[in-house]
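Chemist: Listed here are the chains, written in short residue letters.
There are 2 protein chains.
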Amino acid sequence: MWQLHQFPLCPFSRKVRLLLGEKGVGYELVRESPWVRRDEFLHLNPAGQTPVMVDADQTVLIDSQAIAEYFEETVEKSATINGTALQRAEIRRLTTWFDTQFYQDVTGPLLQERAIKRISQSAPPDGRVLRESMKAAVGHLDYTDYLLDHRNWMAGATLSLADLAAAAQISVVDYLGGIDWKGHEQTARWYRGLKSRPSFRPLLSERMEVIGPAPHYANVDF
Amino acid sequence: MWQLHQFPLCPFSRKVRLLLGEKGVGYELVRESPWVRRDEFLHLNPAGQTPVMVDADQTVLIDSQAIAEYFEETVEKSATINGTALQRAEIRRLTTWFDTQFYQDVTGPLLQERAIKRISQSAPPDGRVLRESMKAAVGHLDYTDYLLDHRNWMAGATLSLADLAAAAQISVVDYLGGIDWKGHEQTARWYRGLKSRPSFRPLLSERMEVIGPAPHYANVDF
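Taken in sequence, the protein lines are chains A and B. Going by this note's numbering, the first sequence opens with residue 1, and the numbers climb by one from there. Going by this note's numbering, the second sequence opens with residue 1, and the numbers climb by one from there.
Keep in mind the hints are simulated off the structure, nothing from the lab. We treat Cβ as the ideally placed atom computed from N, Cα and C, and that holds for glycine.
To be clear about the criterion: a stretch of chain B counts as covered by chain A if any three or more of its residues have a C-beta under 8 Å from a C-beta of chain A, and this derived list gives those stretches:
(1) 60-73
(2) 76-88
(3) 91-98
Which stretches of chain A does chain B cover? Using the computed rule of at least three CB atoms under 8 Å from a CB of chain B, they are:
(4) 55-64
(5) 74-87
(6) 92-99
So here's chain A without its partners, still in its complex pose (with noise of 0.2 Å):
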């Protein structure tokens, strides 16, 4: 069996156990902190990050683009980069624009500020990143709203890898509080729906140590 190196709160290894569960993969969870750049995690990975995956024969799989991509060609069932080549630039487009726009200027600001320097105890939040990625993310619901009013989902007519990178990503940045949902009624309806998945389950039970979710983090009518 796969095992998938994470951490609760990891919006890219999130990514990946949603495409997993989507396509009935199993996998075990093997708990990594890359903020704490173990030797033997860098031997593995020399980028440090997750998540990383090692299959029972010590096969290894890193980044979650190059995973997702892996599991795309070899797993038929519920395709995510699916249709022509257009609409697969589209899907690859809208993943990139989560896992790293999103990322630089919402969830990975937030991370830091109110989850990793807190485990580490490197330092108080600094209260001016707090701000300024609450008011990132919602430019960003703006745009997910601009694109869910032309599209059922993401990138188009069916559920693809760009829903999954983005739901990753705002399910991380809901569990900090870092989402006002006020005015923002399409990117939350397409949420709820996401969150209504079987492959999102086990996502809503996950905690992270000394920092507890928002309290409407679990529920699927938010």
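For this one, chain A is given, so just place chain B on it according to the hints.
Modeler: Chain B only, in chain A's frame:
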């Protein structure tokens, strides 16, 4: 014909140009300065980044990796994401490594300090940032030396997208005088091989206003 929105020292546009060159896909260049954040360009790509490709029928492709995957899927010639699913995962892992780690540690800071600050006349370069990025370059070339000790090309036995992504980043850093080739014979030999390819030639004659290239930049035997 495709139009490629880019600027001469954009490493991600260079990655796409190398790929299009290998595949024999024609395109014309459209100059864009993403740091100006022009409204029309932001309308085309909300992420505000180059490269963006636009076809005669207004088909738009955004993000260097989505663009690369698109041409891999639609143009059979010179496959650069090739082999078993596992080999393809390794190609994608290393492509991401150069696109994100190498860019973040080396190309990004150097480009900002040596070129963009100068073009936009915003501030003098920060010596500390320059020194750190050049130190990081040494660490990264140690890693590529290590890879090329074990393989003919970055990700395995044949040329792949990982080589193009690596060469794109390295060529920008080399233009900006940020690479000390001494002690990196493995990577230098690999880079000489890539520089000799027809796909590379257009990049070697490329110049950016205000800042000229390092003296050895365009030499195939540097």
